[in-house]
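Colleague: These protein sequence lines map, in sequence, to chains D and U. Using the numbering used here, the letters of the first sequence correspond one by one to residues 75 to 357. Using the numbering used here, the letters of the second sequence correspond one by one to residues 5 to 430.
These aren't lab readings, by the way, just hints derived from the structure by calculation. Incorrect hints may appear among the rest.
[Unchecked claim] Computed list of lysine-lysine pairs in DSS-like fashion (alpha-carbon distance at most 30 Å, straight line):
hint	chain 1	residue 1	chain 2	residue 2
1	D	K119	U	K214
2	U	K150	D	K97
3	U	K214	U	K171
4	U	K171	D	K111
5	D	K348	U	K171
6	U	K236	U	K304
7	U	K110	D	K351
8	D	K111	U	K150
9	D	K351	U	K112
[To be verified] Covered stretches of chain D, going by a simulated chain U footprint (3 or more residues, C-beta under 8 Å):
hint	segment
10	103-117
11	167-179
None of the values given here were measured: they were computed from a predicted structure. Ideal Cβ positions, reconstructed from N, Cα and C, are used throughout, including at glycine.
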Amino acid sequence: MSNNEEWDLIVKPKSSWFEFNFKEIWRYRDLLFMFVKRDIVSTYKQTILGPLWFFIQPILTALTFTIIFGNIANLSTDDKPKFLFYLAGTTCWNYFADCLNSTSGTFINNAGIFGKVYFPRLISPLSVVISSVLKFLIQFLLFVAVFIVMYFNDANLQPNKLMLLIPFLVLLMGIMGLGLGIIVSSFTTKYRDLRFLISFGIQLFMYITPVILPLSQFKGIMKKVVMANPMTPIIETFKAAFLGVPNDYSVNGLFYTTAFTVVVFCLAILIFNKVEKSFMDTV
Amino acid sequence: MSNTVIKVENLGKQYRLGDIGTGTISHDLNRWWARVRGKEDPFLKLGEVNDRTQKGISDFVWALKDVSFDVNQGDVLGIIGKNGAGKSTLLKILSRTTSPTTGSYKVKGRIASLLEVGTGFHPELSGRENIFLNGAILGMTKSEIKSKFDEIVDFSGVERYIDTPVKRYSSGMYVRLAFGVAAHLESEILIVDEVLAVGDQEFQDKCIGKMKNVSSSGRTVIFVSHNMAAVKSLCTKGILMSKGSIQYQGSMQETVQEYIKGMHQHSKFEINLKEYRTYKSSIIEFSKVELENLTEGSNKIYFNKNIKINFVIDCFEKIDNALLDCKINTIDGVELIHAMNQYSGELHSMDIGSYSLNLELQNNLQPGTYNLTFGIHRADGRTLEYVENCLPIEILSIASDDSTGHKYDFKLGYVRANSDWRLQKI
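Isolated chain U (complex conformation):
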């Protein structure tokens, strides 16, 4: 095809771990000596696949390895992947802030990268001066900025403050002005990191809206994000990165599904209970609390998917009719939901020994983060064991099968009510 605007071939990037500066002179000399003798760089061989959770053998690591792909004109390419998968490194290389260790890429047209809003803003300068400065840094010419100046001021809504130094701006005004400049960039290719997605809801909507405009005008956009909803609504093509290489390429829809599939692999999340224990007795304790059916060894739970928790209880004294309870709080500490064995009319008695306990909670929670608290009490209400906010869970905005997903980027309330809507024509 002739309308390829970016062609990436076998891109690789190696980083040195640990303290840079110690031992670098000897490494540099070694490298130089190897080159003089026409040999391979001795440190390039040592690199291994980038897995941050595992201790490696060498000090060098490939943050990116053998990455190849093409981008056509008008594509909106979404790059997704776990933290440390190499997304940002790829963006850095494409925006030319660092150079690849191996491989190459070719570009047609002007690239503008937005890895941050307000790059180069000078606090002492006024809004007006900063618009020109920031615009120039992003690659606009003075006349381009001049012709868009009114639009930028209008978009950011800071007209009254335009001659005030930006150090006196509220952080919101600052971001608005900065994004205003960025949004009016006219380059053929736009590279956007998810940092843009900070800010309030209105600002996020504005960003997404502006990006949709950009892509509908036939320009090419590369977008990195963890926000699956935004990625799905914006992008046409997707790349899934994992450990520095491309794991999947295809339509955005398929790529997101592939990503979610990958998250199934590890499924347990454990916590150290000691830190959270606020009541204890010598009679009974939780020795283990484990969250099941989650994603990538973390605490993520799909939208609308039941929450399953497995406990191990150590009982040191016989106890009759114990009350078991679980409380779900918002991260602000609002008590949302309380579950108790007594509510369903059953109490549990235990002898000395270890027990396993499985709890399944219906998940009516809206996307967000919540804390779980567990307790064991005597029948008269005296608390024997209490681990407060020991288990943070994150409800994702996507469902496991993708069909009943939380489609919108906004949420209202914390809990969905089970409701029944009957519509009849009268």
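Next up, chain D with everything else stripped away, as it sits in the complex:
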């Protein structure tokens, strides 16, 4: 047998550390699409309101925040309309949390399929992130609708050119959620402990992100912690774009977040490649 023969596939125990097979993922794009469709369609099967739930969730959350934090606790929203302020925060945060939460279960939730059929494993977390993007877009439309209504009734809104950054913010949150989620899911195949940590960790994480309190309300050491949080610049920018730019706003934070995201994502791919080959033995 000659060595220069063409093989379509060569499987060896250990492969290179950084291997991102775009071609293969592209070949399975139909599967990616089917998974996205499955996620969206199956979520609200056998419900009366169906896709309306996409709207109800953020509205009720923002309403609750408005009543509890805005009116009862009387927390500052930098003199912006309370409802819109919270809606902006929860829309972004839900999207990020959704990406992180659902990708962090990739290996464990799909063990049944992964154990029986091969396809590029990355398809699974990717599909989850894409369906989260779709959910986000729907909720974003809701936000824009509320914004427009308020804009014509309230003078204290200064939409500005930071809005051009919105698509970039969406991408950033998606990739960060995907990266962190993949890292968590890779470790949970062996150490289940992380699963418990992540479910309430995300909730706690929200409190050091300016979702409820504006950045201006954090002081001293807390301010440093919140500033170190890579989600802070994203949410601050998002709010600044629609509600008006605060005095202490600086776009520099976004560079930090971008760098963080790139590092996390590369690390995630690295770990993912390592784990996907043999996670079936340890899951």
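On the provided structure of chain D, position chain U as indicated by the hints.
Modeller: Leaving out everything else, chain U in the frame of chain D:
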């Protein structure tokens, strides 16, 4: 040869036994430290041959070791072996659901694996949506599925339910639909596990028929099964696995024979009688019941081969003209056959002491599983000892010499009558 489509070289797979998660961090760190110093993985050395019946010394085991073989285009390769021989591990590696610990393999063409029917079916989605989803998971493109959609629906016969969520399907419809999708896969290499062989007779025939079609169209199939009849009728080449390595490679016919030969090695099957004793006395009891001429320490008996059972009887009181009997039941409890020493006109008397008793039964049973019951009674019919359904036996669908084997995958009735057919031209 240039038409080799799969080339497997020294494939090995090591598994860790016991609870995964405890102590793994320290093992991982050890491994990492060894690698940093450029040394061998400390846990790879510990592996030993996989024999599940023996307690090993280490926590690591080689489920597969030094497996090498080639598959040519158009081959239908059957992989057989006992449970735990490494067949499924090999399939898992070939279908890329897990990676080998050592060795490598190369493949030409697209591989599709069917280790399960209906992988990824979502209960909330309709039949139509699931066809697309499942097809995509198995590696088909959307246009491929679209072009075969009608065929799939037709094959599975669930047209009326195609827009109903599959959670409302009967289990039969579910399996049919799932297999319908799988059967229309068009990959150059198809890997099939025996899970496909579940389902009713019609479905099994359909599976086998479809697989024959696949292989006759020049595609390559790798098939794992315990069903010797199916393997023999389907496959051209065979691999016999044992304890993680290849024990024999050759034509399927020879491989099956080799497998059967191997089953001769251990030949006794013993049971704990206490659990089955429904009548007892202080006068007499069976202290041992042993099945002879079986296979791999189990309860399997070749088709058409006499059933031999050895007993040890402990007699504590003198007993005259005892009746000894044996009853064969189906697993559903139907009483099929009754054998008794009295039928042949002999009764047995025993003094205090131990006796050995040998029973040989003519085996007219059709392939399947049966339960045996044994009893000792006084001449007046009073039962002294009775062990009910204590010995399950399995009649195989193959005969020991392979020539008079039960050739077909179906069986009618439980017992073959000895019959005499005379044909004369008039």
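Colleague: Where does the structure disagree with the numbered hints, that is, which hint numbers, in rising order?
Modeller: 1, 5 and 11
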